[in-house]
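Visitor: Using the sequences and the accompanying hints, generate a full structural model.
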Amino acid sequence: MYPSDYKYSKDHEWVRREEGELVIGITDFAQGELGDVVYVEAPEVGSSFQANDEVGTIESVKAVAEVYTPIAGEVVAVNEELVEAPERVNEDPHGAGWLFRLRPASAAEVEGLMSAEAYEEFIQQED
Amino acid sequence: MVEFAGWRMPVRYQGVIDEHRAVRSAAGLFDVSHMGEFRVTGGDAVSFLQYATPNDVVALEIGEVHYTSLLTDRGTYIDDLLVYRLGVEEYLLVVNAANTAKDLGHLRALAAAQFGGAEVEIEDVTDSFALLALQGPNAQSILAGLCDAPLANLGYYRCLRTDVGGREALVSRTGYTGEDGFELYVDPEHACGIWRDLMSAGGGLVAAGLGARDTLRTEAAMALYGHEIDAATNPYEARLAWTIKLKKGEFVGREALVEIKSTGPVRKLIGFEIAGRGIARDACAVLVDGAPAGSVTSGTFSPTLEKAIGMAYVPPTAAKVGREIEVEVRGRRLSAIQVKLPFYKRKNV
Numbered sequence: 299m300y301p302s303d304y305k306y307s308k309d310h311e312w313v314r315r316e317e318g319e320l321v322i323g324i325t326d327f328a329q330g331e332l333g334d335v336v337y338v339e340a341p342e343v344g345s346s347f348q349a350n351d352e353v354g355t356i357e358s359v360k361a362v363a364e365v366y367t368p369i370a371g372e373v374v375a376v377n378e379e380l381v382e383a384p385e386r387v388n389e390d391p392h393g394a395g396w397l398f399r400l401r402p403a404s405a406a407e408v409e410g411l412m413s414a415e416a417y418e419e420f421i422q423q424e425d
Numbered sequence: 018m019v020e021f022a023g024w025r026m027p028v029r030y031q032g033v034i035d036e037h038r039a040v041r042s043a044a045g046l047f048d049v050s051h052m053g054e055f056r057v058t059g060g061d062a063v064s065f066l067q068y069a070t071p072n073d074v075v076a077l078e079i080g081e082v083h084y085t086s087l088l089t090d091r092g093t094y095i096d097d098l099l100v101y102r103l104g105v106e107e108y109l110l111v112v113n114a115a116n117t118a119k120d121l122g123h124l125r126a127l128a129a130a131q132f133g134g135a136e137v138e139i140e141d142v143t144d145s146f147a148l149l150a151l152q153g154p155n156a157q158s159i160l161a162g163l164c165d166a167p168l169a170n171l172g173y174y175r176c177l178r179t180d181v182g183g184r185e186a187l188v189s190r191t192g193y194t195g196e197d198g199f200e201l202y203v204d205p206e207h208a209c210g211i212w213r214d215l216m217s218a219g220g221g222l223v224a225a226g227l228g229a230r231d232t233l234r235t236e237a238a239m240a241l242y243g244h245e246i247d248a249a250t251n252p253y254e255a256r257l258a259w260t261i262k263l264k265k266g267e268f269v270g271r272e273a274l275v276e277i278k279s280t281g282p283v284r285k286l287i288g289f290e291i292a293g294r295g296i297a298r299d300a301c302a303v304l305v306d307g308a309p310a311g312s313v314t315s316g317t318f319s320p321t322l323e324k325a326i327g328m329a330y331v332p333p334t335a336a337k338v339g340r341e342i343e344v345e346v347r348g349r350r351l352s353a354i355q356v357k358l359p360f361y362k363r364k365n366v
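For the protein sequence lines, the chains are A and B, in the order given.
When the letters of the first sequence are read in order and numbered with this note's numbering, they come out as residues 299 to 425.
When the letters of the second sequence are read in order and numbered with this note's numbering, they come out as residues 18 to 366.
Treat the hints as calculated values from the structure; they're not laboratory data.
There may be inaccurate statements among the hints.
Straight-line alpha carbon distances no greater than 25 Å define the calculated BS3-like cross-link-like pairs of lysine-lysine that follow [as the list claims (entries may be wrong)]:
1) B:LYS364 with B:LYS324
2) B:LYS362 with B:LYS285
3) B:LYS357 with A:LYS360
4) A:LYS360 with B:LYS362
5) B:LYS362 with B:LYS337
6) A:LYS360 with B:LYS324
7) B:LYS278 with B:LYS265
8) B:LYS337 with B:LYS278
9) B:LYS285 with B:LYS357
Guide: See the structure below:
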């Protein structure tokens, strides 16, 4: 369920390393808690954030959730497909439902996040 | 599952949007057993209910149901409810779960104060009933497969007793979704069996939760206690004047309502669609011409319209279909257009 080559935050974001950049989305657990996603408000490309800054919001039929970046850096791309197809976040949270791409301020910061195994243990306690 | 008024409630099964669409296109089955039920009986039951509620109970024939309310002396809402006439001197009241204790206390106090010595008995029978709501265009054909009753002849807001899959039920053509459908009052012992029989009957029926119930009733612009109606709102501002029968004689709240009707309500419930992205939620501030003018009572994403919709109270002068308002959502002002209520109306009614 949770890819072993991804890293995970306590705010239920995942991070995938790709050519020196980071692809970030919300976890399957997070999309399950939210239910049907109907709007995704992504950060602006070119904007810079500190770790744990709020970068956008995800709105479902029943609730709204803030999206945080677990890592400091500059947003280099956002998933434009989510404007027309926000349901990708529910259907494929760890793949086609990715939210934004970040150029990290420090590549080492990712190591501080949880492994898939640690995250699965973490959500067991949350549930 | 969530806790609500002491009940554990299913919010969703497969997902709010899928369940919502199934109810609009086929059928959905809801467990709404949390609703409170009171049995009101006795020779003076009709005159008591005529006094306790603003709709015309005298006009209710055996087998008929109507929508009404319990009001304060100020003409504001204690609760909204359904009244079923089950027999010559027998009525069933169906109230909101969160208000069950309050309503029972209010009714009993009213009976003691105004009907002391009269023949009225008010019995809380909430625990004697499980309530299943079978809603959607396929509801009749699904239910017809499990009972012999002439459902096609059962009119809107009419009820009958029949067996469903061999188990006794009180069945009414009522609901809270804006679709055709039925509500089944059954012995809690039989609820699971009837649920399983219905779910096995085909017809595209899906289990539906409270999340879909809320989006469905919002599209149909049906009031929810605690949102469109509460202790500060009256029926004239809530678009529910049709439930008030001033000519029937004295009833609780009548004097205040006569006054409100003559001066006109100070605010009005309106519907709106958000122009762009974002969803207005309950209690968001509403601005008219840039100035605070009211607040949102319910807001959600409409799976049918695929837009964010909501209802809000605004001053009567600002209430006009087509007129723009703004809704403040998490510090941002979203533009919205007033639209006609309900947002959704089924065809072939």
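Visitor: Indicate, hint by hint, whether the structure satisfies it.
Guide: Here is what the structure says about each hint:
Between the alpha carbons of LYS364 of chain B and LYS324 of chain B the distance comes to roughly 20 Å, so the proposed pair stays at or under 25 Å and holds. Taking the CA atoms of LYS362 of chain B and LYS285 of chain B, the gap is about 21 Å. The hint holds against a cut of 25 Å. A threshold of 25 Å between alpha carbons decides the hint, and for LYS357 of chain B with LYS360 of chain A the separation of about 23 Å falls inside it, so the pair holds. A threshold of 25 Å between alpha carbons decides the hint, and for LYS360 of chain A with LYS362 of chain B the separation of about 22 Å falls inside it, so the pair holds.
Restraint check for LYS362 of chain B and LYS337 of chain B: the C-alpha separation of about 20 Å stays at or below 25 Å, so the hint holds. Among the hinted pairs, LYS360 of chain A with LYS324 of chain B is consistent with the structure: their alpha-carbon atoms are about 14 Å apart, no more than 25 Å. Proposed proximity of LYS278 of chain B and LYS265 of chain B is supported: the alpha carbons are some 16 Å apart, at most 25 Å. Proximity of LYS337 of chain B to LYS278 of chain B is assessed by CA-CA distance (about 20 Å); at most 25 Å being required, the pair is judged to hold.
Among the hinted pairs, LYS285 of chain B with LYS357 of chain B is consistent with the structure: their alpha-carbon atoms are about 13 Å apart, no more than 25 Å.
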